[in-house]
Every structure is written in C-alpha cells, then in structure tokens.
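We have chain F already, so just place chains D and G on it with the hints.
Residue numbers (the numbering used here), protein chains in the order written: chain F, 1 to 309; chain D, 1 to 270; chain G, 1 to 336.
Take the hints with a grain of salt, since some may be wrong.
As the list claims (entries may be wrong) - As a list, the in silico DSS-like pairs of lysine-lysine whose alpha-carbon atoms are at most 25 Å apart:
#, chain 1, residue 1, chain 2, residue 2
1, D, Lys39, F, Lys140
2, D, Lys12, F, Lys208
3, G, Lys168, G, Lys123
4, F, Lys155, D, Lys39
5, G, Lys178, G, Lys168
Keep in mind the hints are simulated off the structure, nothing from the lab.
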Amino acid sequence: MNTATSAHSRGRLADFLYRNSGILTLALLLPPLLWIGIVYLGSLFALLLQSFYSLDEFSGLIVHEFTFSTYRRLFTPTNLTIILRTVVMAAAVTIVSAIVAFPIAYYAARYARGGWKALFYLAVMMPLWSSYLVKVYAWKLILAKEGIITWIADKLHLGWVLDGLLALPVIGGSSLSFSYIGTFLVFVYIWLPYMILPTQAALERVAKNFIEASADLGATPRQTFSTVIFPLALPGIIAGSIFTFSLTLGDYIIPQIVGNSRPFIGTTVYALQGTAGDIPLAAAFTVVPVIIMGIYLIVARRMGAFNAL
Amino acid sequence: MHSETPASLPLKMAAIGGLLFLHLPLALIFLYAFTTEEKSFQFPPPGLTLRWFSVVWFERPDIWGPLWLSVKVATLATLIALVLGTLAAAALSRAKFFGKDSISLLFILPIALPGIITGISLRSAFDIMSVPFSTWTIVLGHATFCIVVVYNNALARFRRLSGSMIEASMDLGANGPQTFRHVILPQIGSALLAGSMLAFALSFDEVIVTTFTAGQQTTLPIWMLNELIRPRQRPVTNVVALIVIAVTFLPILAAYYLTREGEHTGGTGK
Amino acid sequence: MPAAVSFQRVSRHFGHVRAVDDVSLEIAEGEFFAMLGPSGSGKTTCLRLIAGFEQPSSGHIEIFGQTAEGLPPYRRNVNTVFQDYALFPHMTVGENVAYGLMIKGVGRAERDAKALDSLSMVKLKGFEQRRPSQLSGGQRQRVALARALVNQPKVLLLDEPLGALDLKLREQMQEELKALQKQLGITFVFVTHDQGEALSMANRVAIFNDGKIVQEGTPNDVYERPRSRFVADFVGSSNLLPPEFAMAHGGTKAWTSLRPEKIKVVAPGEPVHGNHHTVSGHIISIQYQGAVTRISTDVEGTRIAAVVPTLNDIFKEGDPVQLAWETHNLVAMDAA
Numbered sequence: 001m002n003t004a005t006s007a008h009s010r011g012r013l014a015d016f017l018y019r020n021s022g023i024l025t026l027a028l029l030l031p032p033l034l035w036i037g038i039v040y041l042g043s044l045f046a047l048l049l050q051s052f053y054s055l056d057e058f059s060g061l062i063v064h065e066f067t068f069s070t071y072r073r074l075f076t077p078t079n080l081t082i083i084l085r086t087v088v089m090a091a092a093v094t095i096v097s098a099i100v101a102f103p104i105a106y107y108a109a110r111y112a113r114g115g116w117k118a119l120f121y122l123a124v125m126m127p128l129w130s131s132y133l134v135k136v137y138a139w140k141l142i143l144a145k146e147g148i149i150t151w152i153a154d155k156l157h158l159g160w161v162l163d164g165l166l167a168l169p170v171i172g173g174s175s176l177s178f179s180y181i182g183t184f185l186v187f188v189y190i191w192l193p194y195m196i197l198p199t200q201a202a203l204e205r206v207a208k209n210f211i212e213a214s215a216d217l218g219a220t221p222r223q224t225f226s227t228v229i230f231p232l233a234l235p236g237i238i239a240g241s242i243f244t245f246s247l248t249l250g251d252y253i254i255p256q257i258v259g260n261s262r263p264f265i266g267t268t269v270y271a272l273q274g275t276a277g278d279i280p281l282a283a284a285f286t287v288v289p290v291i292i293m294g295i296y297l298i299v300a301r302r303m304g305a306f307n308a309l
Numbered sequence: 001m002h003s004e005t006p007a008s009l010p011l012k013m014a015a016i017g018g019l020l021f022l023h024l025p026l027a028l029i030f031l032y033a034f035t036t037e038e039k040s041f042q043f044p045p046p047g048l049t050l051r052w053f054s055v056v057w058f059e060r061p062d063i064w065g066p067l068w069l070s071v072k073v074a075t076l077a078t079l080i081a082l083v084l085g086t087l088a089a090a091a092l093s094r095a096k097f098f099g100k101d102s103i104s105l106l107f108i109l110p111i112a113l114p115g116i117i118t119g120i121s122l123r124s125a126f127d128i129m130s131v132p133f134s135t136w137t138i139v140l141g142h143a144t145f146c147i148v149v150v151y152n153n154a155l156a157r158f159r160r161l162s163g164s165m166i167e168a169s170m171d172l173g174a175n176g177p178q179t180f181r182h183v184i185l186p187q188i189g190s191a192l193l194a195g196s197m198l199a200f201a202l203s204f205d206e207v208i209v210t211t212f213t214a215g216q217q218t219t220l221p222i223w224m225l226n227e228l229i230r231p232r233q234r235p236v237t238n239v240v241a242l243i244v245i246a247v248t249f250l251p252i253l254a255a256y257y258l259t260r261e262g263e264h265t266g267g268t269g270k
Numbered sequence: 001m002p003a004a005v006s007f008q009r010v011s012r013h014f015g016h017v018r019a020v021d022d023v024s025l026e027i028a029e030g031e032f033f034a035m036l037g038p039s040g041s042g043k044t045t046c047l048r049l050i051a052g053f054e055q056p057s058s059g060h061i062e063i064f065g066q067t068a069e070g071l072p073p074y075r076r077n078v079n080t081v082f083q084d085y086a087l088f089p090h091m092t093v094g095e096n097v098a099y100g101l102m103i104k105g106v107g108r109a110e111r112d113a114k115a116l117d118s119l120s121m122v123k124l125k126g127f128e129q130r131r132p133s134q135l136s137g138g139q140r141q142r143v144a145l146a147r148a149l150v151n152q153p154k155v156l157l158l159d160e161p162l163g164a165l166d167l168k169l170r171e172q173m174q175e176e177l178k179a180l181q182k183q184l185g186i187t188f189v190f191v192t193h194d195q196g197e198a199l200s201m202a203n204r205v206a207i208f209n210d211g212k213i214v215q216e217g218t219p220n221d222v223y224e225r226p227r228s229r230f231v232a233d234f235v236g237s238s239n240l241l242p243p244e245f246a247m248a249h250g251g252t253k254a255w256t257s258l259r260p261e262k263i264k265v266v267a268p269g270e271p272v273h274g275n276h277h278t279v280s281g282h283i284i285s286i287q288y289q290g291a292v293t294r295i296s297t298d299v300e301g302t303r304i305a306a307v308v309p310t311l312n313d314i315f316k317e318g319d320p321v322q323l324a325w326e327t328h329n330l331v332a333m334d335a336a
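With the rest of the complex left out, here is chain F (with noise of 0.2 Å):
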C-alpha cells in the first residue's frame, strides 16, 4: 500500500516535471550553480573584499575598515616592476608556445591519420594532464648546472655557447636554474599542451572544402595557408593564449623553483599572504590578474575564441 503511494506521487513528480520543463531545468542547474556561486564567486568576493582592508603596521593585524590605503601601497615602483615582469613573461610565453604548438597541431590536423592520429593526440594529453609538479622537477634535473645540458653542450664542445647565453644581461645568470631563461623554458613546456590542442581543433574544422576551392580559385599553398587556414585557426591559436597566459599570469611555484627568485605576481601574493601575513595586500595583487585576464577575455571572446574552447 505504502509502496505504491510512493510510486505513484513518484510519477506524478515525473508528470509534473514533464510539463514544466522550466522548472526541471531550473532544479538540475541550481546544484551546481549554487556550488559555483557560494563556495568560487563568494570566495572571489570574500577577497575583493579584503582588498579594501588594510594591515596596521604596528601589530600586524588587520583592519576591518573600507579604505582604498591599500592599493596605494600596490601602486609602487616595486610592484609595477613586478606586473610588468610577470606580464612581459606571460606574453613571452604565449608567442613562443603558439609558435612552437602550431606545426605540431598542424600535422596532427591535416597530416596524421589512423593510429597516428590517434598517437598524435595521446602524446599531447599525456602532458597535458600529467603532473604539474612532476614536469617541474624534470625541468628542474634539465637545467642543473651538472645535468643533461651541460652535458651535452660539453660533448658537442658548445660550452661557451652556453656561457654566452647565461652572460647576456637580465635573462642569463649563474646556470641554466637561475635564470630567466629556465623560468621561461619551463613555463612554455608546462603550458604547451594547452595551446596545441585548441589550435588542433580549430585547424580539424577547416573543411578540405575550403582548401580545394582556394586552389581551386587559383591560389598558391602559401596563399591558401595565409588567406584560408590561418584566419580559420586564430580563434583556436587565442583560446589556447587565454590559458598559457593566464595560466603564467598566476603561477607561484615555477619561479620558486627554476629562476633568479626575482619575484612575479604569484610568488610575492603567496609571500605577502603566507610569511608576511598581508592578507590586504596580498587580495589587491590578485585582482591585477583578474582585471588583466577580464579584459584579456573580453577581446577573446570578440574575436571567436570562445567557440573555439
């Protein structure tokens, strides 16, 4: 009797659903926009709102009052120096991984078929997805001053290339470990994947159609390549920069551990709030970022890039 009450009502919420399909979407979406909204945006307010505290010097505590004191103390020569390193890496980064990603999604799209295909794809998700931390610390056995480089500049008597290039001002250093240039090597290989797999996609679209009437109207491959499949592929190329970039914009741990310890955004955020306990400050960092990348998705999103995600 109990039971079949209780299938019935059951059916009858199925019937109810079933005629407001509204509210049935409404009930599948409200978990997880209810998990997005409290536990990520209210924690993303829950920082703005630091920002407008400020510490007291004296005691170290924070000050529960609304002031902008604390982005005037952002706003030094020190910390531009810093948003203007990390943002000069992060564009850095972004070129050179789209360069170095884009032949590799290039054949992949239109060269490898079958197993290769296949392969192709497997050899960039097993990267992509491999451990952050594992990948660093490979880089990390690279770049010693007594590991495989060296080794290898040394065998092919390129040693003093490599004293050459750790010579230069701002970018060398004492090794490879120490310098911009490891940060920098590291940041692109860890990022890579994620700019070869949306260019990939974005390049899978470009229908054979439009290859064979390009020639077809009477232009050269190279025309054809500049005309038809670049245009075609750039949505992907930006969608693949909104990570790599954003991705450098905010990394801490890279520069602590490959680098001259010249501070980014990252690594002075995690200081000011870890030792330093300048939580104000700490929030006012990180809304440079999210301001950055705000503006960054906005002309991403203009030029198609979303569709390309």
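Chains D and G only, in chain F's frame:
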C-alpha cells in the same frame, strides 16, 4: 581538413621536435629514479640501482600518509564534480535560455583564472568564516575546478544524444526518470566515466590551490613540493614522481578510449 | 463512437510564431490520415500535439474521447515512428522493439515473444541480436515501425516516415505500410511534404499552410477539386487561370484550376471529338519526361501547360497548336 600530399620536411621536423620537447623530460624522470647519485642531478648518472624503490617502500613511511590523503581527496572531489558537472551539462544541453553562455563561462572560470586566485580566495573565505582546515577544505577547492572537466565531457555527449531519442523513449511509455535510466545514462555513461577519470587525475596532482586550502595537511603533491625545495633523497622524489605518472596515466588512457568508443556508438542514431 | 483524434480550435504558439493556428479536425478510427504541407506549415507540430511532445496553447484535443492536453507522451496510448527513427544505439534490435513492453513491466519471456512477432510482421525475423548501426536505412525504418506497433497503440503516428529512403525503397514501403494498416486496422496518422505519397497512401488528406488546414478530403477530392490556388498548386501541378480568361473559355469568373493532363493538344485545324472547348496558341517549350511529355504553351498571353502521352515528335517549339478541354474540368476556386 586532410591533405593527400605528404608533409614538407621542415613541418615534419618541427612537429616531431615539438613532441620530443614534450616527452623527453618525462623520460629523464624515469632515468633518474635509478641513479646511484643522491645529492645532485649529475648526468649521465654514475651508476644505476633499484635501491630507491625499496627505500620508498620500506624506509620512507612519510610518503604513505600524503598518498592516502591525495587518493581520498581526489575520490571525494571527483564524486562531487561528477554529480554537479552532469547536472550542469544536462541543464545547459536541454534548453536555450538567456544567459546560457554566461553560465557556461562561469563553470570554465575556475580553470581559466590562475589557480592562485582560487586558492587565496578560498583561504580568505575560510578565514572569514573561521572554518578549520580539514580534508573537506581541500575537497571543496578541488571539486570546484573538477566540475568543468566532467561538465565538458558530459556536454559533448549530451549534444550528440538526439532529442528524438528522448522523445522516442517517452513515446514508448517511459517517464523522465525511466528515460534517464534506460536511455540517457547508458549513452552518456562512458563520457561520465571519462570525465571522472580526468577529474581524478587533475585532483590527484593538484598543488597550486591545495597549498592554500590544506593548512598543515600534506597531500602527495605538497610532499613533492617540499622535497623539491628541501630535498632529502633526490632519487626518492623520482620514484614518487613515477608513481604519480602511473596513477594519472592509466585514468587518462582509459578516458581517451572511453570517449573514442563513444564516438563510434554515439553517432548511430541516424 | 468517438473520433480517434479530435482537435477543437487548437493553437500552438512559439513566441510570436503561430505554428498551429486554430485548427479543428476529426480523424475517424481505422483511417489512414495524411497531413500534407510544405515545411513550416504546422503539420509536424500537429503530430507532436497528438503524441504529447507539445501541449496546445489553446483549444482542446481528444484521443478516443479522452482529453489529451496535460497528458505527457508516456500516458498516451499513441506511438510514433520518428523521421530519424530514433533507435537506441546502445540496445539490440530486439531490445529496441521490446523497450515499451519492458517499461510496462511485461515479463522477459512474453516481451521477447511479442517483439519477435512484431519483427516478423515487418519481415525482420532473425535480426534481433543486431545493433541498429548494422542495419540499412530501410531496415531501421522497419525496426522503428515494429517498436511502435508492438505496444498495440490506438493511433500510430508517422513523421515523414519515408523521407530518408531512396525512391525504389520508398515505393515498396508505401505499399507495405498500406497493407499493414489494413491488416491491423489501427488508425495511422502520417505527416509528409510529398503529395504523391499522401495521395497514394491515405484515405483522407488534410493540407496545411501557415498553421491552418486549407483543405481536407479524400485524395481524389483534393486533387480533382482544389478549393484554393495554394492547394491546386501544391497537390500536383495545375494551370491557374485568371478569372477573365476562365470566363472566356467555358468557366466562371473566378480563379480556376485546370490540370495539365486534362488538356488535349492537337494540330491547328484538326477536329476534336466530344464536347470540348478549344483555344489556339503556340508552343513555348517541350519537356520530355519519359512516359509523358509536358508542353508549355502561350494562349492569349496566358501560359498553359499540358501533359500528354509521349508519342512521336509531332510538335516543335514555336509551332501553333490547338488546346482542348472539357469544361467540367475547370475548377473554380476561392480567391486565395
């Protein structure tokens, strides 16, 4: 887009060079797990030994706690992400409504914005609400960025599920829940499994957000980070790195085959 | 006895679009009923209203005397054959056919037996273990049919059932569907944009345009006596004669339909037997179509096409000719 003519040599070399760049460093991890040199990263290794594997197993109990914690966190985060990501995909694939794109962007945001932002945001939220650090504070963060992984996989499959299939089921007498169980779930199942596996892999080796949400707890990636900054026995780190590669490699491989399989069976509706 | 399906002033609006606009119709039990119209004319929405995938914005629908609005599809004793067949790819053919019975809670042995019967009815015995992906388009269509019929629906709905098949197969399936309907006595309602299909299969046809039924009747009725220019033009092809022209040549002062095959074409001066009205004109073009030839002519500035059995090449383009028709073939229509 597919070409009948073979690729030019420079293109081939650039493509292969790029792939080698992606993979050789991982091979090096493997090599260094067997080196006899424990203080530096000398290349080539002066000698090879299996000693470090037994060291990990017998002499370093400090690895097991973090490993267990990571497995626990990844499992819980995956389960939460599985439910929420599937619901989101189901809702957004069903209907066209105003603001759909913005909601979609909202789910992508946790991986599109730098992880440090998620991390420090969560930490300050925990501070404000005086939430003590626990397994759940880690899970909370992980689930947030894992949702999008499940969501993406599920959404792709939902879109391939033709609308008339669901109508056909209802036409044959099945109500919503029955249709979900007999028609929708079997067809999105492999995509959900694939999404879960990727989510697990993502959570298992996440470190950037975790540093902020773990407090004094140590997950396996945090253990590795400590070893990287203050190494004790370097080859032991390599052995653990190999374990991490293995634990993430298998689910990724499985996920790949699951979604590929799906493409064969999923497109037969017509 | 109530009608199988009855629409009383039914409308279905999507935003500002009136997909179905104040439609009333009755389908009798055991009828083979066709809804014919161009795409976007509302015929498919009508079918979906019967199936329960759509609910009316206003009006009343009854299925065998039972109010249908508000009832979800799974509470209606009506089954559908979908345009894309909508076979479940993760189930075998047998499981597909037995799906409705499984949902109803019929035991495995019984539903397997019934599925087998249904499959043999559509000549697919022995295919139970196959997957839908291993079948041809025609076979999938039969599975979809068997899957719907096994539930013994009171009304079977078919949405462009033959649209995806090639010509030969389509003609064969037309015959089979008609035979099946006769044998089972179930009310069939099918939607098509192919007037030939509608005329050859249905007992009764409703012609849709802009969300409304513009004419309803037996195939012969709608073909021979189109009530509007739209119907005359959509069902078969027709010469639409302006009112003045019609009145001058044996008709009344109204837009008039004259089917091309009702016109005789003879050389000038040649006698025409019987009670025919004759006019003179000249040939603009000749299209050879196999068994018949279509001759387009100009008569006093009006274009008139005739379809005649293909004989030897008696006429050339530009030739003067005489056209002849019996005046009862002139069908006066509404202004629309």
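Here is what the structure says about each hint:
Of the supplied pair hints, the one linking lysine 39 of chain D and lysine 140 of chain F holds, its CA atoms being roughly 13 Å apart against a limit of 25 Å. Between lysine 12 of chain D and lysine 208 of chain F the alpha-carbon distance is near 20 Å, which keeps this suggested pair within the 25 Å criterion. A threshold of 25 Å between alpha carbons decides the hint, and for lysine 168 of chain G with lysine 123 of chain G the separation of about 17 Å falls inside it, so the pair holds. A distance of roughly 23 Å separates the Cα atoms of lysine 155 of chain F and lysine 39 of chain D; the hinted pair therefore holds under the 25 Å criterion.
Between the alpha carbons of lysine 178 of chain G and lysine 168 of chain G the distance comes to roughly 16 Å, so the proposed pair stays at or under 25 Å and holds.
Of the numbered hints stated above, none is contradicted by the structure.
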